[in-house]
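Peer 1: Sequence:
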Amino acid sequence: MARLLIAITILFIQQLVFAVILCPLAALYLCGLVITGGISLWRLIRRDYGEVDGGANLQPALNVLYSLALFQGVLFCYRFFSYSAGDGLVSKVVEEYKLDKEGPFRKSVKEYLRQTRNGCAKDPSFIKERNLVTYAVDLMKFESSGSYLSGARILDALLAQSELKEQHSMIAQLIGSASCSQIVEKLLQALDSRSRQDKEIMELAARIVVKLAGEIHLKRFPQGILCISSLLETSQRQPDDDSAPSDEFKSLMKQGLVILDSLAADKHNCSLICEDQSLLFKVMAPISSDMLHLIDHDEWFSVAAASLQVMCRIVTSPGSTGENLRNQIHGNKEVISSMEQILECKTCRKHKLYILVIKILTKLPMDAAPGVGTKSRGKFIKTMARILTSDSETQDSSIRKLAGEALAMLSEKYATIFLKENGGVVDDLSRMLFNADHNAYRITAAETLKHLCMHYKENDDCFKELMKTMKDVTPKVNFILFSCSLA
Numbered sequence: 000m001a002r003l004l005i006a007i008t009i010l011f012i013q014q015l016v017f018a019v020i021l022c023p024l025a026a027l028y029l030c031g032l033v034i035t036g037g038i039s040l041w042r043l044i045r046r047d048y049g050e051v052d053g054g055a056n057l058q059p060a061l062n063v064l065y066s067l068a069l070f071q072g073v074l075f076c077y078r079f080f081s082y083s084a085g086d087g088l089v090s091k092v093v094e095e096y097k098l099d100k101e102g103p104f105r106k107s108v109k110e111y112l113r114q115t116r117n118g119c120a121k122d123p124s125f126i127k128e129r130n131l132v133t134y135a136v137d138l139m140k141f142e143s144s145g146s147y148l149s150g151a152r153i154l155d156a157l158l159a160q161s162e163l164k165e166q167h168s169m170i171a172q173l174i175g176s177a178s179c180s181q182i183v184e185k186l187l188q189a190l191d192s193r194s195r196q197d198k199e200i201m202e203l204a205a206r207i208v209v210k211l212a213g214e215i216h217l218k219r220f221p222q223g224i225l226c227i228s229s230l231l232e233t234s235q236r237q238p239d240d241d242s243a244p245s246d247e248f249k250s251l252m253k254q255g256l257v258i259l260d261s262l263a264a265d266k267h268n269c270s271l272i273c274e275d276q277s278l279l280f281k282v283m284a285p286i287s288s289d290m291l292h293l294i295d296h297d298e299w300f301s302v303a304a305a306s307l308q309v310m311c312r313i314v315t316s317p318g319s320t321g322e323n324l325r326n327q328i329h330g331n332k333e334v335i336s337s338m339e340q341i342l343e344c345k346t347c348r349k350h351k352l353y354i355l356v357i358k359i360l361t362k363l364p365m366d367a368a369p370g371v372g373t374k375s376r377g378k379f380i381k382t383m384a385r386i387l388t389s390d391s392e393t394q395d396s397s398i399r400k401l402a403g404e405a406l407a408m409l410s411e412k413y414a415t416i417f418l419k420e421n422g423g424v425v426d427d428l429s430r431m432l433f434n435a436d437h438n439a440y441r442i443t444a445a446e447t448l449k450h451l452c453m454h455y456k457e458n459d460d461c462f463k464e465l466m467k468t469m470k471d472v473t474p475k476v477n478f479i480l481f482s483c484s485l486a
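With numbering that gives the first Met the number 0 as the guide, the letters of the sequence shown map in order to residues 0 to 486.
Source of the hints: derived by calculation from the structure; they are not laboratory data. Hints may be right or wrong, so weigh each one.
As the list claims (entries may be wrong) - Pairs of lysine to any residue, SDA-like flavour, derived with a Cα cap of 20 Å: (1) K412 with S396; (2) K185 with F220; (3) K332 with K362; (4) K249 with D265; (5) K362 with L293; (6) K218 with Q172; (7) K467 with L432; (8) K266 with N323; (9) K210 with M169; (10) K249 with T315; (11) K381 with N323; (12) K475 with H454.
Stated by the list, open to error - Computed beta-carbon distance windows for the label pairs: (13) K419 with E343: 20 to 30 Å; (14) S336 with E142: 46 to 56 Å; (15) K97 with L4: 53 to 63 Å; (16) M466 with G175: 52 to 62 Å.
All C-beta atoms in this analysis are idealised placements derived from N, C-alpha and C, irrespective of residue type, glycine included.
All chains should be modelled from the sequences, with the hints used to inform the complete structure.
Peer 2: Written as structure tokens, this is what we have:
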């Protein structure tokens, strides 16, 4: 009981000291210059210093003293309102870029304002050629992880605003310069999932690399492909059990594929990517494993679309590298089978994965078949014919147009497969010459029939049926053309 009483007494004394002594001292410390300035202004206005000996000398001295105190108070108020205006400016910048008002970006902008103010206080020319972009790039040159993260946040925020064309151009110019090669190297290293980088840094680096891919030349960064490739490695982030991959894993895999697609837009980068066989295997993994149909369309659509987009980009690579790549994809039974399944899947059709698959399959060498038979190739042609000749009200026009272009090209290169596996398509194409609802489809049908007539070399029943059809439609076409010429 005695100890409790002593403890209560000590606590009471502490609270009394805090209220009576410390609080007034704190108020005086914070507002002392304002108080003395106010008192000085009041005394200068009143000037009732009293009648004392030597008053003639005392009054001017007090005027000077009070004036100095007042001037000091004015400077203090100016500095206080200046900092308050700085906070308002930071809020305006954050609002302009449509970002979280209390997020980390605000801290980065506030630090930029502080450093700029301090620099200008020492040298007014400090602000020359200095802005938020140059500040962010300079931060990313430092070894400090905190400075690097702050600079990355600013660049990511600026690059996310599509209307900031001038800032984007400046960022690309600075990052693409030789003096900033270390920044690009850091960005690529940050993508390496094996190094257990901070998640935020990895995501920021991924978004920045996607936006600046046009300024990155992989030949200058030998480890770049390896770092990007690590984002696609399932073993690095796959859960220990047999459960489905986490959302984080899928997000990073998609980011890696998007980065590869952006880099592959440059032909030199594309050549380096195509030469890495292990990387290509990882690119095709989401399709070869058929996650869309084995797990869930909604969960894996974005990853599958990104994978197909990279494949679509690299199958157009010129030279022997591109040819070897197309043969590699064509020889992968799992990849071909999954893409054929996408063409047959109504859900995939809604997601418009159709377009990417058609573009890829059209580029593959159908006459080299290490893993895919004639039946499979004929099935693709038949699917394209069905899309082209279907009712326009039930078929996406962009897909239908692409299928027509694919048929016209395939009929020129693979006329034998075209007819032997899909003999009935000739009748469908001939009807389109007169019944199609768009002239582009009529032209496609006519072009396809022309290619079949020119390139089919065998004298068999398929050829006879083709000739019979052409004899039937030619007079009708000539009559239409003659009528149009008279109109």
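Peer 1: Please go over all the hints and tell whether each is borne out by the structure.
Peer 2: Going through the hints against the structure:
1. K412 with S396: 25 Å, violated
2. K185 with F220: Holds, because 10 Å separates the two Cα atoms, which is no more than 20 Å.
3. K332 with K362: 16 Å, holds
4. K249 with D265: With a Cα-Cα distance of about 26 Å, the restraint between K249 and D265 is violated, given a limit of 20 Å.
5. K362 with L293: It is violated: about 27 Å lies between the C-alpha atoms, which goes past 20 Å.
6. K218 with Q172: Satisfied, since the Cα-Cα distance of roughly 19 Å is no more than 20 Å.
7. K467 with L432: 16 Å, holds
8. K266 with N323: 16 Å, holds
9. K210 with M169: 13 Å, holds
10. K249 with T315: Violated: K249 and T315 sit about 26 Å apart, past 20 Å.
11. K381 with N323: Measuring from Cα to Cα gives roughly 26 Å; hence the hint is violated.
12. K475 with H454: Given that 20 Å is the threshold and the Cα spacing comes to 23 Å, the pair is violated.
13. K419 with E343: 20 to 30 Å: Holds, since K419 and E343 (Cβ atoms, about 21 Å apart) stay within the stated range.
14. S336 with E142: 46 to 56 Å: 50 Å, holds
15. K97 with L4: 53 to 63 Å: 60 Å, holds
16. M466 with G175: 52 to 62 Å: 60 Å, holds
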